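Peer 1: Mind docking chain B on chain A? Use the hints.
The residues making up each chain are set out below.
There are 2 protein chains.
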Amino acid sequence: MKHQISFGWLLLLSVTFFTTVSSAPGRLSPVHPKIKPASVSEDFETFFYTQTLDHFNYKPESYRTFQQRYIINSKHWGGAEENAPIFAYFGEEGPLDEDLPIIGFLNDNAPRLTLRINISKQHRFYGKSVPFGTLDEVINDENTRGYFSSAQAIADYAEVLVYLKEKLSAQNSPVIVIGGSYGGMLASWFRLKYPHIAIGALASSAPILYFDNITPQDGYYSVVTNDFREASESCYETIRNSWSVIDELASRPNGISFLSQRFKTCSPLGTSSELKDYLDTMYAVAAQYNHPPTYPVTVVCGGIDGAPEGTDILGRIFAGVVAYGGERSCYEMKKSNSASQTNLGWSWQTCSELVIPIGRGSNDTMFPSAPFSLNDFANSCMSKYGVPPRPHWVTTYYGGHDIKLVLQRFASNIIFSNGLRDPYSSGGVLEKISDSVLPIYTVNGSHCLDILTSSQSDPQWLVMQRQVEIEIIRGWFAKYYADLHTLQI
Amino acid sequence: MKHQISFGWLLLLSVTFFTTVSSAPGRLSPVHPKIKPASVSEDFETFFYTQTLDHFNYKPESYRTFQQRYIINSKHWGGAEENAPIFAYFGEEGPLDEDLPIIGFLNDNAPRLTLRINISKQHRFYGKSVPFGTLDEVINDENTRGYFSSAQAIADYAEVLVYLKEKLSAQNSPVIVIGGSYGGMLASWFRLKYPHIAIGALASSAPILYFDNITPQDGYYSVVTNDFREASESCYETIRNSWSVIDELASRPNGISFLSQRFKTCSPLGTSSELKDYLDTMYAVAAQYNHPPTYPVTVVCGGIDGAPEGTDILGRIFAGVVAYGGERSCYEMKKSNSASQTNLGWSWQTCSELVIPIGRGSNDTMFPSAPFSLNDFANSCMSKYGVPPRPHWVTTYYGGHDIKLVLQRFASNIIFSNGLRDPYSSGGVLEKISDSVLPIYTVNGSHCLDILTSSQSDPQWLVMQRQVEIEIIRGWFAKYYADLHTLQI
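Chains as they are written, first to last, in UniProt numbering: chain A, 1 to 489; chain B, 1 to 489.
Just chain A, same shape as in the assembly:
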């Protein structure tokens, strides 16, 4: 009955996105921004579902529809007779396009899971699922962008899955939803809100507790700091001391120009903040995507620590920039004005509901103080979009406070996977909630590492993490099929 089958898998666009308010990095993408995706496998077929614009209201406008893209690999699907499992990868903040083969978790583990079908769904308003125009157009339309919310997005997924199961006569096929980063949040929220549609969720690096005051504001940058400190105490000290050196220099006559020279910027710096933001982002991205085998944090610190003896602090920091970015004629430190979908969409999402309060106190990290001010943030959102954020809606709708108390006798079948070197792990679920709502984390892992394609060079702890996840999911299936049998469905 159970064939060993080859299997492909999907993932979403890997662009970096930056919230342009506060110093928070706000990237919530499974893969490092520089990873270039390979081409789409031929096994993937693209479809469009005529999706309801507004699931929760019944105004005439609510009935408008748009074409939502989803992609299916059903090459090896043998039909619904065996109630074979369906895996659904949830789109997040980016187009569901060029980048299918990066997330390899399912691809690699297909034989062990006897997978049959997998579906990847594009989050509304991203990629080819933008209603009524380009994202640029709709994000500038206060009416249309108002429908761009997480609750509508998972309701979209619910509708598509119900439709597909019916179309495939696969009503009894167990569905597992999977996502990384923001997509991981959506996956765990989906299991909580739609248990009748998905029997389980793998939520990789999903910081569902980084809302309200559940996680300390400095959680993100504390982990970045720890990553660097564990890599090298001297590297950490150099970075920690560098900010005041930059400030001091910048305050001198021609100081900015001098900084531009020392950091070989492609165009002259306007302010020292441009340099500091660039460095801030570099450290954060290196820590978040501190993947084997290269381990970018080690690379940056290799540059900083490896500079010739006698090199001053700025010289060491620049050596870190070079080590990380490679030898170049100049370094572009200005923020790009290019409005990528992720920038556009994520900026709106964080300004409407996904308010992730990342901040820093004065002495808690290796970074300068930058506390998160909800007030300032709300004002900046108001001026951008004309409406204030609803910072408490996520915890009102999805929960988060006292999660163990709430979920230990409610809910089942959720894996919250994390790597503790991922700064977002500070807002992840790291405690065991119950026998089937489980954290699976690695001390040395980084952002969404477990759902990326495996490689010969993967360390043993990563191989183990994936194996454990697979075993847990196999256990869910076993129970599900036993239940199906017992209930004679």
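Please keep in mind that the hints were generated in silico from the structure rather than gathered at the bench.
Incorrect hints may have been included.
Pairs involving identical chains hold if they fit within one copy or between any two copies, as the list cannot separate such chains.
[Said to hold, decoys possible] Simulated crosslink set (DSBU-like; lysine-lysine; CA at most 35 Å straight-line):
1. Lys-128 x Lys-432
2. Lys-167 x Lys-404
3. Lys-479 x Lys-334
4. Lys-167 x Lys-384
5. Lys-167 x Lys-335
6. Lys-404 x Lys-479
Here the structure is a predicted model, which means the values were calculated and not measured.
Peer 2: Only chain B this time, still in chain A's reference frame:
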């Protein structure tokens, strides 16, 4: 620590409502239409919460607010130090007004539950919680009525409860949500969607499975039929045979006028359907609210069976009308045109999302055939409101199919209470889902009987049902407080 306290409780308006499409009765109100509520206890304080119009979108209009009424009895509340429980009664299809003391479950059981506070919340668009005008105005505004949905309603309750717990510093007080009929659906759905806000739900007579094709269409009228048949086989036979007699008479010259005479109608019947609808409704209401000590079904059958020997079928049926409604100079059989809130609101709700397919085949009940046609229903909704219903959204959003398979390893702390003589019990949860998601039903019970005020004359099975429910809820509290202690919250 635990005081025995006196306690008051709330309930919602007890008007009957009729869907005006199909022959389905569609009443989903906890109490019989004729019950006259007593006045509001002085222990109840009324407040208004500035409620968000649209929780799920972020359009400028979504941020509009309206004043939502809630009522609190906190007379005996000793503060939050003891994490004393909060009971929240969910408003349903009617104003939350004159009618507080009818639903007596909590009132009667306060000492055993060591209750401290209870909150009753008015469903959006009913009573004094109508946004932007009278219900009549907003129900005629295609834009505003679009926000009148169950998902928005339970999101309202979530916001109010989060707000109140914070205001009262009662974050660790366990909340139990309670509702009857449609309010019972909302209570169970709330527990499923917002487990972080309510630790349990008592859903009395909530037909959450009367959607899609989960429950056979004839479920409702089959129970009505059984009720009459169990009361009296001859009564059942008389009713079953009466429809063709009426039809036959109506087809004769002056037949309608003759029927008007025989049934002493206050104004002449226009068609025989008026009479048949009147009788249909009388039987259904008698069965649904077949409460002790009078048992209306027995009353109707007493009239029918007790007519003098030799009385013809029409005479017997009329004797049933008299027995049920009392001796009068005439009987009003025309449907009232008065647009009660419940009529207005429920008609819209059933035409938008709450499509309950009640129908009858040709020989499955004591009623004439009247199959539910989704197509006809949708057309009638279109012509009334300009938008079609979304008949599958309830099961997509809340589930319902294979409920045991879905919830036995997910969810906890829900009581689905029913009385099997209630026609809506056919769409209720009657099987044990798990150790804490439980049906508590009585063979002889009727609609929402368990949450009505107890009386000296209550039969032992009803007393027992309430006791069992109380014991279960006490068990939830015990576990919750133990968890709180273990987790040192």
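Peer 1: Hint by hint, say whether it matches the structure.
Peer 2: Verification of the supplied hints:
1. When the C-alpha separation of Lys-128 and Lys-432 is checked against a cutoff of 35 Å, the pair qualifies neither within a copy, at 38 Å, nor between copies, at 45 Å.
2. With identical chains, the CA atoms of Lys-167 and Lys-404 are at most 35 Å apart between copies only, with a shortest distance of 23 Å across copies and 38 Å within one.
3. Taking the shortest Cα distances, Lys-479 and Lys-334 never come within 35 Å of each other, neither inside one copy (54 Å) nor across copies (56 Å).
4. Taking CA atoms no more than 35 Å apart as the test, Lys-167 paired with Lys-384 passes between copies only; the shortest distance there is 32 Å, against 42 Å inside one copy.
5. For the homomeric pair Lys-167 and Lys-335, neither the shortest alpha-carbon distance inside one copy (46 Å) nor that between copies (43 Å) is at most 35 Å.
6. With identical chains, the CA atoms of Lys-404 and Lys-479 are at most 35 Å apart both within one copy (23 Å) and between copies (14 Å).
This entry does not satisfy hints 1, 3, 5, going by the numbered hints stated previously.
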